[in-house]
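Chains F and B, in that order, give the protein sequences.
Quick note on the working numbering: the first sequence kicks off at 1 and runs consecutively.
Quick note on the working numbering: the second sequence kicks off at 1 and runs consecutively.
It should be emphasised that the hints constitute simulated quantities derived from the structure, not laboratory data.
Some hints here could point you the wrong way.
Chain copies aren't distinguished; within one or between two, either way the pair holds.
Unchecked claim - Straight-line alpha carbon distances no greater than 35 Å define the calculated DSBU-like cross-link-like pairs of lysine-lysine that follow: (1) Lys-66 to Lys-135; (2) Lys-80 to Lys-9; (3) Lys-193 to Lys-9; (4) Lys-193 to Lys-23; (5) Lys-135 to Lys-16.
Nothing here was measured: the structure is a model prediction, and the numbers come from that model.
Protein chains: 2
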Amino acid sequence: MRYPEALQKLIEMFTKLPGVGPKTAERYAFFLLDQPESTSQEFAVRLKELKAKTLICQICGNISEKSPCPICLDQNRDPKTLCLIADSRELAAIEATRQYNGRYFVLGGLIDTVEGIGPEKLKIRELLKKLDQEKIEEIILAFDPTIEGEATSLYLAKILRERHVRLTRLARGLPAGANLEYADETTISNALKYRNEC
Amino acid sequence: MRYPEALQKLIEMFTKLPGVGPKTAERYAFFLLDQPESTSQEFAVRLKELKAKTLICQICGNISEKSPCPICLDQNRDPKTLCLIADSRELAAIEATRQYNGRYFVLGGLIDTVEGIGPEKLKIRELLKKLDQEKIEEIILAFDPTIEGEATSLYLAKILRERHVRLTRLARGLPAGANLEYADETTISNALKYRNEC
Numbered sequence: 001m002r003y004p005e006a007l008q009k010l011i012e013m014f015t016k017l018p019g020v021g022p023k024t025a026e027r028y029a030f031f032l033l034d035q036p037e038s039t040s041q042e043f044a045v046r047l048k049e050l051k052a053k054t055l056i057c058q059i060c061g062n063i064s065e066k067s068p069c070p071i072c073l074d075q076n077r078d079p080k081t082l083c084l085i086a087d088s089r090e091l092a093a094i095e096a097t098r099q100y101n102g103r104y105f106v107l108g109g110l111i112d113t114v115e116g117i118g119p120e121k122l123k124i125r126e127l128l129k130k131l132d133q134e135k136i137e138e139i140i141l142a143f144d145p146t147i148e149g150e151a152t153s154l155y156l157a158k159i160l161r162e163r164h165v166r167l168t169r170l171a172r173g174l175p176a177g178a179n180l181e182y183a184d185e186t187t188i189s190n191a192l193k194y195r196n197e198c
Numbered sequence: 001m002r003y004p005e006a007l008q009k010l011i012e013m014f015t016k017l018p019g020v021g022p023k024t025a026e027r028y029a030f031f032l033l034d035q036p037e038s039t040s041q042e043f044a045v046r047l048k049e050l051k052a053k054t055l056i057c058q059i060c061g062n063i064s065e066k067s068p069c070p071i072c073l074d075q076n077r078d079p080k081t082l083c084l085i086a087d088s089r090e091l092a093a094i095e096a097t098r099q100y101n102g103r104y105f106v107l108g109g110l111i112d113t114v115e116g117i118g119p120e121k122l123k124i125r126e127l128l129k130k131l132d133q134e135k136i137e138e139i140i141l142a143f144d145p146t147i148e149g150e151a152t153s154l155y156l157a158k159i160l161r162e163r164h165v166r167l168t169r170l171a172r173g174l175p176a177g178a179n180l181e182y183a184d185e186t187t188i189s190n191a192l193k194y195r196n197e198c
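Here chain F stands alone, though its shape is the one from the complex:
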């Protein structure tokens, strides 16, 4: 064994994290070794609490301390508008804009044929049940503008077609601060196609 067992085992834990190879894992572990013991102890506490103190909101599927989550409980939010997102990180990104006042529904992923994630692995049945029970007027598809996001949008558009619900998606166009000259062709094509009145 290259290092003492306790160090080696921690390095192995770090290599389980996404994108962390053995050299990066070593770097993390040696950094903690150089820190006061309180740092690794606090880190341990945070890891222990991660699952114990978080849960999934039974209404929207967001990660939260309580179920229903504060967003689902908020009476000031419009229950007729539902924003579909792939996971909680995207929900947090939309919340950070403070521009959206409806509710959310976390699908739990995107259709990805390469990775073998079909519609049956997403919470589509739960979504349809929700649509049966609640009076939802607009569904915003807030997925990444990627192949997986488009595939999920197309699938949902198909199965939601017969329902009386307005189906929208996040706008395509130039991102803030972009250089037209460096933007890719699809982005510029979309910016042209979806151009707005000034």
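Model the placement of chain B on the given structure of chain F, informed by the hints.
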């Protein structure tokens, strides 16, 4: 707060690691959230044990489970040859070659004037004491071929000059598998300067 407290606090712990920004920290935390609880619990145990189950060898300064470490206790290793390294990771890299059969001494860093690390922050006093007490015939300076490594080598060469000890350093030249056409000028200059008889 963007996420539930327990999640947010773990993300903050991850951002303390070297080179980890908020997005990478989020990625790590959400990865653990998707794993069974046993993963984050085991991670917590490993962190708790890191400092409790490792210590610094009082003889060579290497990280170890016991002091003296197995290398210092090994009677088959030549006590007259001492390899100076900056830290335990480099010691592990040299050990992995299985080509070195002497002892080690961990300096605890390299002289780095930019970062304000002077010779007084390295274990040079301990090294001199060791040289007074033991019969060491050769000291190998096994530092990175960087400005900091060179500065440390020059400093040590100066203070060790009057002692009757052979002072060597790791060879400079082309790394295994290199392309001459892509090698930098310093590397090629060194390869020429230190050329060997075939």
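(message) For Lys-193 and Lys-23, with the copy left unspecified, which applies at a CA distance of at most 35 Å: within, between, both, or neither?
(response) between (47 Å within a copy, 32 Å between copies)
(request) Up to 35 Å between alpha-carbons, please classify Lys-80 paired with Lys-9: within, between, both or neither. (result) Close across copies (33 Å), not inside one copy (50 Å); limit 35 Å.
(request) Go through the copies and call it for Lys-135 and Lys-16: within, between, both or neither, with a Cα cutoff of 35 Å. (result) neither (43 Å within a copy, 46 Å between copies)
(request) At 35 Å max between alpha carbons, let me know whether Lys-193 reaches Lys-9 within a copy, between copies, both or neither. (result) Answer is neither; intra-copy 54 Å and inter-copy 43 Å both fail.
(message) Within, between, both or neither: how does the pair Lys-66, Lys-135 come out at a Cα-Cα threshold of 35 Å?
(response) within (24 Å within a copy, 68 Å between copies)
Checked against the numbered hints given earlier, the structure breaks hints 3, 5 and satisfies all the rest.
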